[in-house]
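Let the sequences and hints guide you as you build the complete structure.
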Amino acid sequence: CSTPAIEGSANLVQPATEPAATTVDPQQAFFDRLTALCGQAFAGKVLVDRPESTGPNAFADQPPTMHVRECSEQEIRIPFHVGADHSRTWVLTRTDGGLRLKHDHRKQDGSDDPVTMYGGDTAGQGSAERQAFPVDEFSRRMFTREGMTVSNSNVWAIEVEPGKRFVYELSRTDQDRLFRVGFDLTRPVAAPPAPWGASDN
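Quick note: the sequence shown uses our numbering, first residue 1, plus one each step.
Note that these hints are calculated values from the structure, not bench results. Where a beta carbon is used, it is the ideal one built from N, C-alpha and C, also for glycine. You can take every hint at face value.
DEER-style ranges, computed between Cβ atoms:
no., residue 1, residue 2, range
1, Pro-193, Asp-112, 11 to 21 Å
2, Ala-191, Arg-165, 10 to 20 Å
3, Arg-145, Gly-110, 19 to 29 Å
4, Asp-25, Asp-61, 34 to 44 Å
5, Asp-25, Gly-110, 30 to 40 Å
6, Thr-149, Ala-29, 28 to 38 Å
Below, the structure is given as structure tokens:
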């Protein structure tokens, strides 16, 4: 004869539980997005320049190019070229407290520019797409020494949308200053020459 069903037996088998969602560190995700671009170069254009400069515009006839040139687990170096000017490199570093952005400026002979290695550290977690870097005290002292106190309220930012665009930004909210240059990540271009001061230059 058949065995009678046990009342409530359908509840004896528990469904498998879903694994706990892993919390993604937005700064690590941001760093990984940049690392994925390593070795590639991209052409760009100025998106916003407010207020517009009344003097010569270096970007008018010389479209900028960025090159994600060197990557390690702790540092990414991105030379920023404007025509034949190879003086600038953005340096993004992982720190114990977050991320740091510095601007490595060199003269054509490879020596340091009087205004170099300025930047700042992240003040919050940001997002996988955007990280902001308020000016640090080292930079303020250097700007003051060089007669550039207008830069003492600088905030820089970098945005990365995979497969779409990379944006570098400089803002000064107290002066209504905003500069944004964007790069098309859908169309890699030939790598530019090494930046001034590079070890293989």
